[in-house]
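Listed here are the chains, written in short residue letters.
Protein chains: 4
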Amino acid sequence: METSMKAAYLPGNSTVDFKDVTIPQPGPGEVLIRMKASTICGSDIRAIYREHLGKGPEAYQNKIAGHEPCGQIVKCGSNTKRFKEGDRVVIYHISGCGVCNDCRRGYMISCTSPSRAAYGWQRDGGMAPYIVAEEKDCVLLPDELTYVDGAQIACGFGTVYEGLERIGVSGNDAVLVVGLGPVGLAALMLAKAMGANHLVGVDTVKERCDIAKNLGLANQTFVSGSETLQEVLNTTYQNQGFEKTVDCSGNTHGRQLCIRATRKWGKMVMIGEGGTVEFNPSPDIIHDQISIHGSWVTNIWRMEELVERLVRWGIHPEDLVTHRFSLNEADKAYELMNEGKCGKVAIVFDEELKG
Amino acid sequence: METSMKAAYLPGNSTVDFKDVTIPQPGPGEVLIRMKASTICGSDIRAIYREHLGKGPEAYQNKIAGHEPCGQIVKCGSNTKRFKEGDRVVIYHISGCGVCNDCRRGYMISCTSPSRAAYGWQRDGGMAPYIVAEEKDCVLLPDELTYVDGAQIACGFGTVYEGLERIGVSGNDAVLVVGLGPVGLAALMLAKAMGANHLVGVDTVKERCDIAKNLGLANQTFVSGSETLQEVLNTTYQNQGFEKTVDCSGNTHGRQLCIRATRKWGKMVMIGEGGTVEFNPSPDIIHDQISIHGSWVTNIWRMEELVERLVRWGIHPEDLVTHRFSLNEADKAYELMNEGKCGKVAIVFDEELKG
Amino acid sequence: METSMKAAYLPGNSTVDFKDVTIPQPGPGEVLIRMKASTICGSDIRAIYREHLGKGPEAYQNKIAGHEPCGQIVKCGSNTKRFKEGDRVVIYHISGCGVCNDCRRGYMISCTSPSRAAYGWQRDGGMAPYIVAEEKDCVLLPDELTYVDGAQIACGFGTVYEGLERIGVSGNDAVLVVGLGPVGLAALMLAKAMGANHLVGVDTVKERCDIAKNLGLANQTFVSGSETLQEVLNTTYQNQGFEKTVDCSGNTHGRQLCIRATRKWGKMVMIGEGGTVEFNPSPDIIHDQISIHGSWVTNIWRMEELVERLVRWGIHPEDLVTHRFSLNEADKAYELMNEGKCGKVAIVFDEELKG
Amino acid sequence: METSMKAAYLPGNSTVDFKDVTIPQPGPGEVLIRMKASTICGSDIRAIYREHLGKGPEAYQNKIAGHEPCGQIVKCGSNTKRFKEGDRVVIYHISGCGVCNDCRRGYMISCTSPSRAAYGWQRDGGMAPYIVAEEKDCVLLPDELTYVDGAQIACGFGTVYEGLERIGVSGNDAVLVVGLGPVGLAALMLAKAMGANHLVGVDTVKERCDIAKNLGLANQTFVSGSETLQEVLNTTYQNQGFEKTVDCSGNTHGRQLCIRATRKWGKMVMIGEGGTVEFNPSPDIIHDQISIHGSWVTNIWRMEELVERLVRWGIHPEDLVTHRFSLNEADKAYELMNEGKCGKVAIVFDEELKG
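Sequence lines, in order, name chains A, B, C and D. Going by the UniProt record's numbering, 291 is the number at position 291 of the first sequence; the sequence numbering is gapless. Going by the UniProt record's numbering, 141 is the number at position 141 of the second sequence; the sequence numbering is gapless. Going by the UniProt record's numbering, 64 is the number at position 64 of the third sequence; the sequence numbering is gapless. Going by the UniProt record's numbering, 129 is the number at position 129 of the fourth sequence; the sequence numbering is gapless.
What the hints contain is simulated information worked out from the structure, not anything from laboratory work. Just so you know, not all the hints are guaranteed correct.
Copies of the same chain look alike in the list, so a pair counts if it fits in one copy or across any two.
Claimed, not checked - Straight-line C-alpha distance at most 27 Å; calculated DSSO-like pairs for lysine-lysine:
| # | residue 1 | residue 2 |
| --- | --- | --- |
| 1 | LYS19 | LYS63 |
| 2 | LYS84 | LYS264 |
| 3 | LYS264 | LYS55 |
| 4 | LYS19 | LYS75 |
| 5 | LYS55 | LYS81 |
| 6 | LYS63 | LYS75 |
| 7 | LYS6 | LYS332 |
| 8 | LYS81 | LYS264 |
| 9 | LYS6 | LYS19 |
All chains, full assembly: derive it from the sequences and hints.
If you want it as structure tokens, here you go:
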């Protein structure tokens with residue numbers, strides 16, 4: 001086995017740095033994983049790639065980049081309890097202390113310990129041939145799913161699944177998704193699998209609407225404009241609105257659209273990050289008995305549940321990947337993602353390269 | 001307009017009596033409905049047809065039979081507020097006082113007033129060309145649904161929808177239904193529409209299993225035997241069981257099967273009436289963190305909701321009807337239902353006769 | 001029995017008009033009620049008293065004023081099913097059609113029929129010695145409660161109870177109430193009865209805070225200022241915030257305070273009407289997994305439930321009444337309420353005059 | 001520091017064995033705890049003390065007894081993340097693998113790994129001056145609570161809190177508890193703290209009823225007999241029954257009593273282990289729209305939540321302890337518990353000896 005590897009770092013000036021580093025070895029409770037797929041998240045671009053803007057949990061500490069890693073265990077450290085060599089695994093993207101109340105609920109994302117470290121931010125991530133992860137952060141990837149599926153679960157799909165579970169989605173619901181980046185597309189894909197009987201997507205960019213349509217993820221899509229609220233309402237039963245709405249835009253207009261398109265007694269969930277929202281409580285939520293739910297990432301046991309569902313549903317997150325690159329081409333991958341004219345972008349290794 | 005009509009009564013000796021009666025006129029808050037479809041319920045056979053066994057709310061007071069009526073309003077009494085001549089309507093099968101707490105929740109089934117009267121039991125029902133109903137008991141039937149669809153909603157489908165809503169059914173769920181009479185078949189049909197991703201049915205009678213299979217309502221069916229529990233578990237993800245189970249058998253063995261086939265953290269609902277149930281709480285529900293829900297009929301606003309869903313789903317309860325008769329042949333219809341070699345049996349009028 | 005009575009109208013110029021009118025007679029399904037207590041709501045002042053500002057459901061049609069009436073039935077019209085002469089009753093303040101979906105859920109407040117009429121707005125209200133109400137709008141008042149208790153239930157307490165039920169309040173919760181008018185005081189009183197283990201109130205007006213303190217409704221109160229958020233947080237377990245927060249202020253700052261004082265995983269409900277709200281979803285609700293619930297008035301069966309609870313809790317809404325007037329002094333009562341230097345203001349009759 | 005200690009074992013013939021053993025040392029992720037209180041659970045008597053009856057998770061492997069331990073950390077192994085020397089801690093009584101789905105939800109009780117080990121059953125427990133525990137199994141005990149409080153939380157109170165949370169208890173509820181051993185008494189104590197407005201307890205043994213009464217935990221208690229159902233109903237509002245009922249008896253009659261005393265729309269939870277239950281679904285749960293919930297132990301994050309609540313409520317589980325013994329007298333303690341003429345029995349150390 002080789003002892004060093006080439007790994008990608010993000011210096012914060014819209015380029016990618018490669019460094020030769022020693023392949024790490026797993027300690028007690030840790031596993032060494034051969035990387036197979038490592039996708040790029042919008043937050044990588046926003047907070048690291050262009051500039052190192054993030055603070056606190058988003059502060060990049062010049063570690064190997066990539067917080068959506070998926071691969072195969074090649075070596076176990078001492079004292080591992082469940083996973084073994086050969087297991088295919090998704091990595092929950094935050095390594096928490098494991099013993100605070102948040103970690104005990106499985107929400108390592110909100111770990112309150114100073115020892116909390118995000119892969120690709122405060123500890124080495126997935127943009128290298130190997131990664132050491134804690135066993136407790138691993139989720140088993142069944143054979144029915146590909147590594148590129150798995151990389152998407154690590155962050156985006158997990159976040160979406162949690163948000164949809166928060167408001168509940170079934171065949172009783174028409175669902176509106178506003179903001180059709182990878183997260184919004186995932187919301188359409190999962191809402192459909194959960195049984196939604198009518199799906200509508202909205203984005204400011206026509207190309208994104210087209211992706212949703214072309215992938216068969218929405219019954220109808222709309223490029224947002226001054227008439228969008230009425231247009232989306234017109235697609236619903238007696239124009240009464242959507243039982244469930246999902247904001248993935250992170251924008252006050254997108255959020256207003258969701259709130260106002262929610263049917264009486266319906267529920268709206270906010271997944272998209274950043275910005276503000278302003279609305280008029282009396283007509284918007286009080287008189288229509290509506291609730292608005294904040295939902296952040298997910299917990300690790302629900303991520304396991306999602307993996308099970310994906311197999312049962314026979315659907316593949318990798319369908320949202322429009323571009324694959326080898327690690328050598330990581331600079332091109334980040335550049336493309338930065339420009340935004342793409343769906344999901346993946347760095348892939350080994351068998352996933354042939355995809 | 002004619003002034004008298006022929007109406008069917010059940011004397012309680014396994015025959016049908018026809019009498020000529022005056023066509024009634026609607027009083028204040030009432031409507032006169034031209035009957036179009038009137039289906040037969042298992043409870044008609046059990047409590048009235050063979051013998052007048054029922055007590056209290058099930059005591060038959062020699063009224064025109066039939067508590068699953070559906071038709072078209074031909075005349076409104078004074079002081080009606082919503083419905084008008086020409087409206088197609090389903091009748092909620094119990095007329096409650098409207099002002100007790102149960103009625104105010106919409107559950108006229110459990111009206112606590114002495115004035116409570118079930119259509120076809122304590123007031124005239126649907127086995128006649130005309131019926132007078134209270135406006136407050138009517139549910140609008142949209143053009144997308146047939147009168148035979150509507151008659152089924154009046155009792156069976158409403159009951160099933162409530163039960164499924166009680167436990168929640170979505171694409172996250174594998175669903176087991178035990179007991180495949182008309183109610184069990186309805187449970188499969190609605191669970192599928194609500195998004196269930198795997199459906200299994202069990203009955204003691206092979207013919208009923210075949211109906212479910214032939215109508216495409218279940219992925220698999222099993223004639224119950226000593227191995228049934230293991231067989232149904234084997235159809236689920238890693239043999240872990242069903243997230244949701246529905247008893248429509250009213251039998252202790254059927255109920256045990258449901259409880260024991262429910263997955264850890266799952267929910268079971270009892271819809272089937274009568275009999276007892278015995279189980280072992282520690283292994284059966286405590287260690288698996290399972291809940292068991294009793295659910296009785298439905299309320300009138302949820303029945304309206306169901307009507308809306310059926311239209312949105314594009315499904316038809318009338319698919320469960322295997323035999324149609326004119327009112328003249330009501331004796332044959334009850335006889336057939338009594339023998340049980342059939343799906344749902346309907347008495348139909350006018351355009352529904354041509355079905 | 002006398003045949004005419006003096007009734008109060010609000011001409012919209014900050015005065016009260018008295019007119020002699022015929023005492024009405026109950027029709028079918030109606031009851032005649034001898035008025036005992038009729039309280040003044042903030043909405044009366046806002047939308048009618050100063051000017052006739054309201055539109056749609058808030059349009060005042062020059063009827064006898066007063067939408068919080070409580071009295072005793074003195075005569076029943078034909079066809080009443082439950083209530084009888086001598087019954088003490090609260091009147092749900094909106095008379096709906098009774099047959100639309102909203103009415104069928106008991107939410108006459110959002111009745112969708114053109115026949116919808118609010119007592120004191122589009123049909124005669126409680127500011128007269130007698131009122132005719134529909135039986136279906138009456139809620140039985142047990143002997144343990146006074147008529148002044150009952151008048152408060154008719155609007156404010158019902159609305160508060162619904163809002164608290166929406167978010168659930170128990171001994172597990174610290175509860176913050178922002179806005180300490182009669183509705184906010186009711187929120188404190190009911191949250192305490194539902195088991196809240198720590199109660200904090202905030203208002204911009206010191207006098208209102210003092211009322212809450214003096215009535216023993218809050219553990220602590222704060223006059224809102226620049227440090228209020230931190231001050232209220234400091235009263236909670238490890239400064240982590242309130243499990244449940246209730247906005248009764250209808251103001252963007254009050255609502256922000258509620259949202260930001262809500263603990264991780266907590267719930268906030270908006271009851272206060274009007275205005276806007278602006279906040280930052282990521283830190284305010286997404287990262288803390290918080291939900292915001294709109295809640296409007298209540299349904300009639302929950303109002304019955306509230307009446308039952310008040311008896312079981314042994315608490316009295318009338319404790320919030322600071323001033324009582326006879327109907328002759330109605331002008332003084334409205335004037336006082338308009339100035340706002342008071343708690344709840346009641347017009348009372350007969351035995352309640354002696355209070 | 002001494003190097004050996006005297007520890008208690010249960011040979012399975014209704015005696016206690018003492019052995020001198022080496023004081024263990026904490027490994028990575030482990031802590032050494034100085035024992036302060038170690039209470040005896042009914043399951044110790046049932047499955048170990050008299051005979052070694054238990055199988056699987058209940059198989060006693062001749063380890064130091066005691067699965068309700070509470071003490072103070074005196075030494076941390078390497079790689080601990082949260083707890084430190086001097087911390088007072090409760091130990092969750094099952095040490096799970098930490099990485100299966102059940103452990104990830106915090107329910108180590110249902111850990112599916114072969115490495116699962118219960119303290120006092122498959123690994124050394126609390127009946128010795130020192131214990132080594134995994135840091136991940138520790139719950140911080142605040143200064144406001146005593147070690148004897150903490151020992152009770154470890155098993156009984158945690159189990160009860162989970163059960164009550166499953167059905168929800170607030171000031172809206174009258175609560176019936178059947179079976180007044182330590183678990184049932186805990187149910188009364190916690191239901192009251194959660195806000196229950198009326199509490200009734202039932203047991204077959206008068207002495208247990210008296211304890212509940214004398215501790216002020218119940219408004220009324222009843223020694224069960226042929227009239228008990230009617231007697232407990234008579235204590236409720238209009239004899240309508242209890243919104244919430246809790247079975248701690250593990251007995252079919254106790255469970256029937258709970259189910260039949262549950263009010264329409266109410267919820268019943270089964271906590272008591274063993275035995276069977278038989279009932280009549282139609283009258284017992286279907287027509288009354290009742291649900292029955294199985295609840296098993298609790299998860300570790302909810303146990304932390306319970307600790308917080310106890311502090312906020314200012315209540316003390318140790319109030320249920322009727323007898324304290326030093327470790328030397330462990331044989332007397334088990335003997336007393338075996339006879340059953342007592343409340344909770346505790347082995348105490350150091351400052352708790354003075355209690």
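Verification of the supplied hints:
no., hint, verdict
1, LYS19 x LYS63, "within (11 Å within a copy, 53 Å between copies)"
2, LYS84 x LYS264, "between (50 Å within a copy, 26 Å between copies)"
3, LYS264 x LYS55, "between (39 Å within a copy, 21 Å between copies)"
4, LYS19 x LYS75, "within (23 Å within a copy, 41 Å between copies)"
5, LYS55 x LYS81, "between (34 Å within a copy, 23 Å between copies)"
6, LYS63 x LYS75, "within (22 Å within a copy, 34 Å between copies)"
7, LYS6 x LYS332, "within (16 Å within a copy, 68 Å between copies)"
8, LYS81 x LYS264, "between (49 Å within a copy, 22 Å between copies)"
9, LYS6 x LYS19, "within (6 Å within a copy, 58 Å between copies)"
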